[in-house]
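Trainee: Here is what each chain is made of, one letter per residue.
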Amino acid sequence: MINASLTELRAALDAGKISSVELATLFLDRIERLDPSLNAFITVDRDGALEAARAADARLAAGDAGPLTGIPLAHKDVFCTEGVLTTCGSKMLANFVSPYDAHVVSLLKAAGAVSLGKTNMDEFAMGSSNENSHFGPAKNPWDTTRIPGGSSGGSAAAVAARLVPIATGTDTGGSVRQPAALTGVTGIKPTYGVVSRYGMIAYASSLDQGGAFGASAADCAQLLTAMAGFDPRDSTSLERPAEDYSRELAAPAAGRPLAGLRIGLPKEFFGAGMADDVRAAVEAALDEYRALGATTVDVSLPNAQLAIPAYYVIAPAEASSNLSRFDGVRYGHRAAEYRDLAEMYSKSRAEGFGAEVKRRILVGTYVLSHGYYDAYYLQAQKLRRLIAQDFQAALAGCDIIAGPTSPTTAWAIGEKSDDPVQMYLSDIYTIAVNLAGLPGLSHPCGFGAGELPVGLQLVGDYFSEARLLNAAHRFQQASDWHLRRPAIAA
Amino acid sequence: MSRNDWEVVIGLEVHAQLNTASKIFSAASTAFGAEPNAQASAVDIALPGVLPVLNGGAVERAIRFGVAIGATVASKSVFARKNYFYPDLPKGYQISQFELPVVQGGAITIRVGDGDKAYEKTVQLTRAHLEEDAGKSLHEDFHGMSGIDLNRAGTPLLEIVSEPDMRSSAEAVAYARALHALVRWIDICDGNMQEGSFRCDANVSVRRPGGPLGTRREIKNLNSFRFLQQAIDFEVQWQIDTIEDGGRIQQATVLFDPDTGETRMMRSKEDAHDYRYFPDPDLLPLVISPEWIARVRSEMPELPGAMKARLVAEYGLSAYDAASLTASKEVAAYYQAMLTAADAKPGSQLPKLCANWTMGELAAQLNRAECDIADSPVAPAQLAGLVQRIADGTISNNIARKVFAALWNGEGGTGADAADRIIAAQGLRQTNDSGAIESIIDEVLAANQKSVDEFRAGKDKAFNALVGQVMKASRGKANPAQVNEMLKRKLEA
Chain A
1 MINASLTELR AALDAGKISS VELATLFLDR IERLDPSLNA FITVDRDGAL
51 EAARAADARL AAGDAGPLTG IPLAHKDVFC TEGVLTTCGS KMLANFVSPY
101 DAHVVSLLKA AGAVSLGKTN MDEFAMGSSN ENSHFGPAKN PWDTTRIPGG
151 SSGGSAAAVA ARLVPIATGT DTGGSVRQPA ALTGVTGIKP TYGVVSRYGM
201 IAYASSLDQG GAFGASAADC AQLLTAMAGF DPRDSTSLER PAEDYSRELA
251 APAAGRPLAG LRIGLPKEFF GAGMADDVRA AVEAALDEYR ALGATTVDVS
301 LPNAQLAIPA YYVIAPAEAS SNLSRFDGVR YGHRAAEYRD LAEMYSKSRA
351 EGFGAEVKRR ILVGTYVLSH GYYDAYYLQA QKLRRLIAQD FQAALAGCDI
401 IAGPTSPTTA WAIGEKSDDP VQMYLSDIYT IAVNLAGLPG LSHPCGFGAG
451 ELPVGLQLVG DYFSEARLLN AAHRFQQASD WHLRRPAIAA
Chain B
1001 MSRNDWEVVI GLEVHAQLNT ASKIFSAAST AFGAEPNAQA SAVDIALPGV
1051 LPVLNGGAVE RAIRFGVAIG ATVASKSVFA RKNYFYPDLP KGYQISQFEL
1101 PVVQGGAITI RVGDGDKAYE KTVQLTRAHL EEDAGKSLHE DFHGMSGIDL
1151 NRAGTPLLEI VSEPDMRSSA EAVAYARALH ALVRWIDICD GNMQEGSFRC
1201 DANVSVRRPG GPLGTRREIK NLNSFRFLQQ AIDFEVQWQI DTIEDGGRIQ
1251 QATVLFDPDT GETRMMRSKE DAHDYRYFPD PDLLPLVISP EWIARVRSEM
1301 PELPGAMKAR LVAEYGLSAY DAASLTASKE VAAYYQAMLT AADAKPGSQL
1351 PKLCANWTMG ELAAQLNRAE CDIADSPVAP AQLAGLVQRI ADGTISNNIA
1401 RKVFAALWNG EGGTGADAAD RIIAAQGLRQ TNDSGAIESI IDEVLAANQK
1451 SVDEFRAGKD KAFNALVGQV MKASRGKANP AQVNEMLKRK LEA
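First to last, the sequence lines map onto chains A and B. The working numbering puts the first sequence at residues 1 to 490. The working numbering puts the second sequence at residues 1001 to 1493.
Calculated directly from the structure, the hints in this document are not laboratory data. Don't be surprised by glycine CBs; every beta carbon is placed ideally from N, CA and C. Hints are supplied without guarantee of correctness; some may be wrong.
Okay, the calculated beta carbon distance ranges per label pair [claimed, not checked]:
hint	chain 1	residue 1	chain 2	residue 2	range
1	B	Lys1117	A	Ala342	50 to 56 angstroms
2	A	Gly83	B	Ser1289	41 to 47 angstroms
3	B	Lys1117	A	Ala375	52 to 58 angstroms
4	A	Pro36	B	Glu1140	51 to 57 angstroms
5	A	Ala342	B	Glu1195	28 to 34 angstroms
6	A	Ala242	B	Asp1271	48 to 54 angstroms
Cross-link-like lysine-lysine pairs, in silico, DSS-like; alpha carbons within 30 angstroms at most [unchecked claim]:
hint	chain 1	residue 1	chain 2	residue 2
7	A	Lys347	B	Lys1082
8	B	Lys1136	A	Lys347
9	B	Lys1461	B	Lys1490
10	A	Lys358	B	Lys1136
11	A	Lys267	A	Lys416
12	B	Lys1477	B	Lys1459
13	B	Lys1076	B	Lys1117
14	B	Lys1490	B	Lys1477
15	A	Lys358	B	Lys1082
16	A	Lys347	B	Lys1269
17	B	Lys1121	B	Lys1329
18	B	Lys1269	A	Lys358
19	B	Lys1352	B	Lys1121
20	B	Lys1345	A	Lys382
21	B	Lys1082	A	Lys91
22	A	Lys358	A	Lys416
23	B	Lys1477	B	Lys1461
24	B	Lys1472	B	Lys1402
25	A	Lys91	A	Lys358
26	A	Lys91	B	Lys1136
27	A	Lys267	A	Lys347
28	A	Lys358	A	Lys382
29	B	Lys1402	B	Lys1461
30	B	Lys1269	B	Lys1220
31	B	Lys1402	B	Lys1488
32	B	Lys1490	B	Lys1459
33	B	Lys1345	B	Lys1329
34	B	Lys1477	B	Lys1352
35	B	Lys1082	A	Lys382
36	B	Lys1117	B	Lys1352
Output of the computed footprint for chain A on chain B, the stretches with three or more beta carbons under 8 angstroms from beta carbons of chain A [as the list claims (entries may be wrong)]:
hint	stretch
37	1048–1056
38	1075–1087
39	1091–1105
40	1463–1477
The shape of chain A in the complex, shown without the other chains (with noise of 0.2 angstroms):
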């Protein structure tokens, strides 16, 4: 039953066979077991994950049942969760018991998932491998010396060692994509302003967009439908019609179900960076995509090499801002001894935040300083254009973009730690795509040395999150490589 998909737990579920109070029972007690050795969680809310399933329970036995009744799930702990802990990864948020739920949240209520408990994640979302949380890093399943990738590293080690189906996450510049490759699971962010971000607590608000980790594009389609809609508490979200993520999966298989798909390769995505496992994984599963009927054509993104240094003003910059709000006046961690209230501030803040916060909130500050404004956050704003710009034209010439999600497999804890730069490197693939505001995902495409997962990343245009997820459910029906499981799963 770990193992099963999500259209086999509801037939489960809803043949009577198990119960929601006992599917959330088995992976509570994995979680139990497991998460010690990978610290994926932050929150297990036993309790409430039990009430919410007798809840489920209920609404089966009443015929009142949706798609994820009864599905257990859990969150990333940037979402905010009436009346448990939301930490964001953060000791500035150690005590914070939200007062109520984000949209993502209450949406995912509604429907009748039943969440597990919080996952861990690189503090208020900054960092590509987790090792920024405050409590401590999450281990990727298939090495538990190695990191799981980042900021969404907690729900994409629980979805890898099968802690739980399903889980939300959020990327701002690969937090979704990156450690699900890192992983070998798939993970999808849609579209900016397709979900809703009322109560994920911003990072990088112009990029940061909710996402869903799973076993297969299938699943994430499934959780993403569930996830997605406007929301007018959300000015940035989009007021389009409701959208089954899931409608072009359901098509049979076929012998060519990809025939017409132009898959555009952009030449900046292959140069020099890509390790070499990485990219025999990649050009194999491009094979695999041109046997099963696609086409690949050769596109430029030329400006993508700039992505990261934009992405290194913007996100710090509205970070910088975004992060005012703690400063121990309300709620969050407060210094226990100060003079004044200057020092009231600088002691809660320089003993609340982690040095990668700190890092980028004086970065922020100083790209938006008197004088430093034109020079940098206007400059990466023009970058930004050119970004999204370059994403347009390629995708004339072709239907998808596809590529690797990260030039490495998942390196051992603390190998970049004293790095910086060389972390914001790791996601030099991703973080156009959320310049870009398009959607990406990634799904497993093999194995680079020592055994661990290579994603593949697929990017296309506005809002065709159902053709993504078409592509990649196309290519996992015809190869394996999403249900292998490292051996703590097996």
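Given chain A, work out where chain B should sit, using these hints.
Mentor: For chain B alone, kept in the frame of chain A given last:
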């Protein structure tokens, strides 16, 4: 050197609180006076994860203001974050507008001074932008700690910035008063200065006439017109004294202390915040369609300037009367209602009579009773009924004062005919019966031979005394013009 060797340059920044029911970015109430923090929503206290949603009512009011002052209402404006730390600023930034404000340009005509020295002047506006208010820090009552009340946090403000067009504290006050009247006239702000709904910051500098602008100092948070005048007067003299003593003015922000009547420095330019403005990524650019502006324009009431011009052109009122009657929305509404009730035709004496009574007896009585004209116990139609009786000769002006006092006390009922009822009940109708008047005159002349003799000896004053005696004997009801004429005829006979 005297004060006359210096030119004063003043620009005003006014924060007008917009009278929306809910806050600018949340659904919490804006009502004044609730228990601390009872009107602070999750958005207002800046919980993690919350987001702002713009209140369309605040935008509507900004458009109304822009249209009223003939400004450009920007088709696209941008909300920006103004970053600074303070305990009553929950997000650590204020959402405001910086590079692209919603209202750009515009002008307001003011009338300065009284009598012959009165003059009109047009003050240009730089901009007006939407922003949210902060909360309040309460430093008393907490034994060495500070209390924070976030009820006001997120209240919508329109910050209205003038060009440095004013040349005296009198002009600054006239501008502030005109602006105050306008925002109340177009119903975007209640104008309650005690509650902080209308707050002025004054940028003040002095220079040699025709010379380059001097360095300015900004006086913050003046919440009455009197303080505005006092603060500017003090500041101007201080700047002149400082320069004449060989000093230099440093750019600074100052506070006015009403107890001492002095300004004192709060922070210098060196201490000024770097607010690190940048466009708020949580809010889309504010897009205002031409249709929206056109709708607001079509719903705009007659504005004070237009009404003033109409009163002069149509009814022949003096500029002074017209300005006084349009100085506030309520006075103008009262006068307009009175004109309608009295059926005051252009060319008749009624418009002027209505004006005189509104600004004279009524204003004085309201003033004595500390009563707003909107709450006047004498309704416009009732006062119109009284004025009509003066116009048609039923009563004299003197008797009318008596009738007004009775109206004020509620006599005569609540109807428009209250004055008629009082006149009838008290028998105050003016006597035009020449026979009756003549017999009174004869009695008075017989009883006052001394005055008659004095008049005939050339003392004109004696005539007035005799008129007074006749009026008194008629209990004020004799038609004064008739009395004059008949008495003169008899004495000269």
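Trainee: Hints first: check each against the structure and report whether it holds.
Mentor: Here is what the structure says about each hint:
Remark: the range hint 50 to 56 angstroms for Lys1117 of chain B to Ala342 of chain A is upheld by a beta-carbon distance near 52 angstroms. Between Gly83 of chain A and Ser1289 of chain B the CB atoms are about 43 angstroms apart, so this pair conforms to the stated range of 41 to 47 angstroms. A hinted range of 52 to 58 angstroms holds for the C-beta pair Lys1117 of chain B and Ala375 of chain A, which are about 54 angstroms apart. At about 52 angstroms, the beta-carbon gap between Pro36 of chain A and Glu1140 of chain B stays in the expected band of 51 to 57 angstroms.
Roughly 31 angstroms separates the CB atoms of Ala342 of chain A and Glu1195 of chain B, a value that falls within the hinted 28 to 34 angstroms. A C-beta distance of roughly 53 angstroms is found between Ala242 of chain A and Asp1271 of chain B, which places it inside the suggested range of 48 to 54 angstroms. In summary, the hint linking Lys347 of chain A to Lys1082 of chain B is supported, as the alpha carbons are separated by about 23 angstroms, within the 30 angstroms threshold. Taking the CA atoms of Lys1136 of chain B and Lys347 of chain A, the gap is about 23 angstroms. The hint holds against a cut of 30 angstroms.
For the hint linking Lys1461 of chain B to Lys1490 of chain B, the alpha-carbon distance of about 17 angstroms falls within 30 angstroms, and the restraint holds. A hinted pair counts as satisfied when its Cα atoms are at most 30 angstroms apart, and Lys358 of chain A with Lys1136 of chain B qualifies at roughly 29 angstroms. For a cut-off of 30 angstroms, the pair hint linking Lys267 of chain A to Lys416 of chain A stands: about 27 angstroms separates their Cα positions. Of the pairs offered as hints, the one joining Lys1477 of chain B and Lys1459 of chain B holds, with about 26 angstroms between alpha carbons and a cut-off of 30 angstroms not exceeded.
Restraint check for Lys1076 of chain B and Lys1117 of chain B: not satisfied, since their Cα atoms lie roughly 43 angstroms apart, outside the 30 angstroms limit. For the hint pairing Lys1490 of chain B with Lys1477 of chain B, the CA-to-CA distance comes to about 20 angstroms; that is within 30 angstroms, so the pair holds. The suggested pairing of Lys358 of chain A with Lys1082 of chain B holds, with an alpha-carbon distance near 20 angstroms, which does not exceed 30 angstroms. At roughly 27 angstroms between alpha-carbon atoms, Lys347 of chain A and Lys1269 of chain B fall within 30 angstroms of each other, so this suggested pair holds.
Of the pairs offered as hints, the one joining Lys1121 of chain B and Lys1329 of chain B holds, with about 21 angstroms between alpha carbons and a cut-off of 30 angstroms not exceeded. A C-alpha spacing of about 28 angstroms is found between Lys1269 of chain B and Lys358 of chain A, which places the hinted pair at or below 30 angstroms, so the restraint holds. For a cut-off of 30 angstroms, the pair hint linking Lys1352 of chain B to Lys1121 of chain B stands: about 26 angstroms separates their Cα positions. Among the hinted pairs, Lys1345 of chain B with Lys382 of chain A is inconsistent with the structure: their alpha-carbon atoms are about 65 angstroms apart, more than 30 angstroms.
Restraint check: the Cα-Cα separation between Lys1082 of chain B and Lys91 of chain A comes to about 27 angstroms, which is no more than 30 angstroms; the hinted pair holds. A distance of roughly 18 angstroms separates the Cα atoms of Lys358 of chain A and Lys416 of chain A; the hinted pair therefore holds under the 30 angstroms criterion. Restraint check for Lys1477 of chain B and Lys1461 of chain B: satisfied, since their Cα atoms lie roughly 22 angstroms apart, inside the 30 angstroms limit. Note on Lys1472 of chain B and Lys1402 of chain B: the hinted pairing holds, with a Cα-Cα distance of about 14 angstroms set against a maximum of 30 angstroms.
With a C-alpha separation of about 13 angstroms, the suggested pairing of Lys91 of chain A with Lys358 of chain A holds against the 30 angstroms cut-off. For a cut-off of 30 angstroms, the pair hint linking Lys91 of chain A to Lys1136 of chain B stands: about 28 angstroms separates their Cα positions. Between Lys267 of chain A and Lys347 of chain A the alpha-carbon distance is near 48 angstroms, which puts this suggested pair outside the 30 angstroms criterion. The suggested pairing of Lys358 of chain A with Lys382 of chain A holds, with an alpha-carbon distance near 26 angstroms, which does not exceed 30 angstroms.
For the given pair, Lys1402 of chain B sits about 26 angstroms from Lys1461 of chain B by alpha-carbon distance, which is consistent with the 30 angstroms threshold. With a C-alpha separation of about 14 angstroms, the suggested pairing of Lys1269 of chain B with Lys1220 of chain B holds against the 30 angstroms cut-off. Under the criterion of a C-alpha separation no larger than 30 angstroms, the hint pairing Lys1402 of chain B with Lys1488 of chain B is consistent with the structure, at around 28 angstroms. Our distance criterion of 30 angstroms between C-alpha atoms is met by Lys1490 of chain B and Lys1459 of chain B, whose separation comes to about 16 angstroms.
Taken as a hint, the Lys1345 of chain B and Lys1329 of chain B pair is honoured in the structure, with Cα atoms around 22 angstroms apart against an allowance of 30 angstroms. Using a Cα cut-off of 30 angstroms, the hinted pair Lys1477 of chain B and Lys1352 of chain B holds, with the two alpha carbons roughly 23 angstroms apart. At roughly 22 angstroms between alpha-carbon atoms, Lys1082 of chain B and Lys382 of chain A fall within 30 angstroms of each other, so this suggested pair holds. For the hint linking Lys1117 of chain B to Lys1352 of chain B, the alpha-carbon distance of about 23 angstroms falls within 30 angstroms, and the restraint holds.
Coverage of a stretch by a chain is defined here by at least three residues with a beta carbon nearer than 8 angstroms to that chain's beta carbons; for the stretch 1048–1056 of chain B and chain A the count is 7, and the condition holds. Figure legend: the stretch 1075–1087 of chain B, annotated as covered by chain A; annotation consistent (4 residues with Cβ-Cβ distances under 8 angstroms, at least 3 required). Residues of the stretch 1091–1105 of chain B lying with their CB closer than 8 angstroms to a CB of chain A number 3, which satisfies the three-residue condition for coverage. Residue count for the stretch 1463–1477 of chain B with a Cβ under 8 angstroms from a Cβ of chain A: 0. That is fewer than the three needed, and the coverage hint is violated.
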